[in-house]
Amino acid sequence: MDFSKLDPSKKDEVMDQVKQQLALANAQELLQKISEKCFKKCITKPGTTLDSSEQRCVAMCMDRYMDSWNLVSRTFSNRLQKEAGRLS
Amino acid sequence: MSYDTGFGASSFGKPPPSSFGAPPPGGQGQVDSEMKSFLEMESQKAQLQQQIHKLNDVCWDLCVDKPREKMDGRTETCLCNCVDRFVDTSLLVAGRFQNLINKHQ
Numbered sequence: 001m002d003f004s005k006l007d008p009s010k011k012d013e014v015m016d017q018v019k020q021q022l023a024l025a026n027a028q029e030l031l032q033k034i035s036e037k038c039f040k041k042c043i044t045k046p047g048t049t050l051d052s053s054e055q056r057c058v059a060m061c062m063d064r065y066m067d068s069w070n071l072v073s074r075t076f077s078n079r080l081q082k083e084a085g086r087l088s
Numbered sequence: 001m002s003y004d005t006g007f008g009a010s011s012f013g014k015p016p017p018s019s020f021g022a023p024p025p026g027g028q029g030q031v032d033s034e035m036k037s038f039l040e041m042e043s044q045k046a047q048l049q050q051q052i053h054k055l056n057d058v059c060w061d062l063c064v065d066k067p068r069e070k071m072d073g074r075t076e077t078c079l080c081n082c083v084d085r086f087v088d089t090s091l092l093v094a095g096r097f098q099n100l101i102n103k104h105q
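Read top to bottom, the protein sequences are chains A and B. Throughout the first sequence, residue numbering follows full-length UniProt numbering, covering 1 to 88 in sequence. Throughout the second sequence, residue numbering follows full-length UniProt numbering, covering 1 to 105 in sequence.
Certain hints may be false.
[Said to hold, decoys possible] Taking lysine to aspartate or glutamate pairs in the EDC-like style, the calculated list, with each CA pair at most 16 Å apart, reads:
{"hint": "1", "chain 1": "A", "residue 1": "K41", "chain 2": "B", "residue 2": "D57"}
{"hint": "2", "chain 1": "A", "residue 1": "K33", "chain 2": "A", "residue 2": "E13"}
{"hint": "3", "chain 1": "A", "residue 1": "K40", "chain 2": "B", "residue 2": "D61"}
{"hint": "4", "chain 1": "B", "residue 1": "K54", "chain 2": "B", "residue 2": "E34"}
{"hint": "5", "chain 1": "B", "residue 1": "K66", "chain 2": "A", "residue 2": "D63"}
{"hint": "6", "chain 1": "B", "residue 1": "K70", "chain 2": "A", "residue 2": "D63"}
{"hint": "7", "chain 1": "B", "residue 1": "K66", "chain 2": "B", "residue 2": "E76"}
{"hint": "8", "chain 1": "A", "residue 1": "K10", "chain 2": "B", "residue 2": "D84"}
{"hint": "9", "chain 1": "A", "residue 1": "K41", "chain 2": "A", "residue 2": "D51"}
{"hint": "10", "chain 1": "A", "residue 1": "K82", "chain 2": "B", "residue 2": "D57"}
{"hint": "11", "chain 1": "A", "residue 1": "K11", "chain 2": "B", "residue 2": "D32"}
{"hint": "12", "chain 1": "A", "residue 1": "K41", "chain 2": "A", "residue 2": "D16"}
{"hint": "13", "chain 1": "A", "residue 1": "K11", "chain 2": "B", "residue 2": "E34"}
{"hint": "14", "chain 1": "A", "residue 1": "K33", "chain 2": "A", "residue 2": "D67"}
{"hint": "15", "chain 1": "A", "residue 1": "K33", "chain 2": "B", "residue 2": "D57"}
{"hint": "16", "chain 1": "A", "residue 1": "K41", "chain 2": "B", "residue 2": "E69"}
{"hint": "17", "chain 1": "A", "residue 1": "K41", "chain 2": "B", "residue 2": "D61"}
{"hint": "18", "chain 1": "A", "residue 1": "K11", "chain 2": "B", "residue 2": "E42"}
FYI, nobody ran anything at the bench for these hints, they're computed from the structure. Keep in mind that this is a model prediction, so the values were computed, not measured.
Given only the sequences and the hints, what does the whole structure look like? Please build it.
Here's what the structure looks like:
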């Protein structure tokens with residue numbers, strides 16, 4: 001794709017698309033991780049249905065996984081900034 | 001219990017300053033370099049997010065026992081320590097690896 005031929009409005013469109021696709025990929029990754037992790041934590045003996053205590057567990061697990069993601073994200077970003085400051 | 005997915009770019013603090021907000025006057029080369037720096041920035045952001053997914057995967061397994069109503073302080077401390085020790089480990093390994101390379105040159 002030759003970006004130099006894009007007019008500005010087209011370029012904004014391409015940038016938006018890139019952002020959207022990355023956000024989508026991020027959400028998909030998160031979704032997949034949550035399913036995997038929370039299945040492991042909450043469904044220890046798969047029965048004939050997903051019973052209510054399992055459903056509660058999954059809901060809670062999902063919330064905690066996002067809490068964890070945000071905390072890890074913040075901690076990691078802070079650390080990266082500190083390391084970058086040490087280099088310069 | 002909210003499903004507030006606060007995991008977007010906003011949770012990294014500031015979105016990158018839009019130095020490319022206003023298009024520079026004309027010039028095809030400039031358009032090109034603007035797109036280039038945008039893509040580099042986005043690619044870096046994607047890499048960072050990928051690293052966070054990986055870290056969270058590892059640290060979740062180490063720190064979180066049974067999911068509870070709220071994240072307790074002990075778990076939070078464990079997660080923070082886990083991230084910092086992981087970075088320490090990466091730096092240590094990288095340093096030793098560099099030494100090995102230097103020795104064999």
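Taking the hints in turn, this is what the structure says about them:
| no. | hint | verdict |
| --- | --- | --- |
| 1 | K41(A) x D57(B) | holds, 13 Å |
| 2 | K33(A) x E13(A) | violated, 30 Å |
| 3 | K40(A) x D61(B) | holds, 10 Å |
| 4 | K54(B) x E34(B) | violated, 30 Å |
| 5 | K66(B) x D63(A) | holds, 12 Å |
| 6 | K70(B) x D63(A) | holds, 9 Å |
| 7 | K66(B) x E76(B) | holds, 14 Å |
| 8 | K10(A) x D84(B) | violated, 42 Å |
| 9 | K41(A) x D51(A) | holds, 14 Å |
| 10 | K82(A) x D57(B) | violated, 23 Å |
| 11 | K11(A) x D32(B) | holds, 10 Å |
| 12 | K41(A) x D16(A) | violated, 37 Å |
| 13 | K11(A) x E34(B) | holds, 10 Å |
| 14 | K33(A) x D67(A) | holds, 14 Å |
| 15 | K33(A) x D57(B) | holds, 8 Å |
| 16 | K41(A) x E69(B) | holds, 15 Å |
| 17 | K41(A) x D61(B) | holds, 10 Å |
| 18 | K11(A) x E42(B) | holds, 15 Å |
The structure is inconsistent with the numbered hints 2, 4, 8, 10, 12, although it conforms to all the rest.
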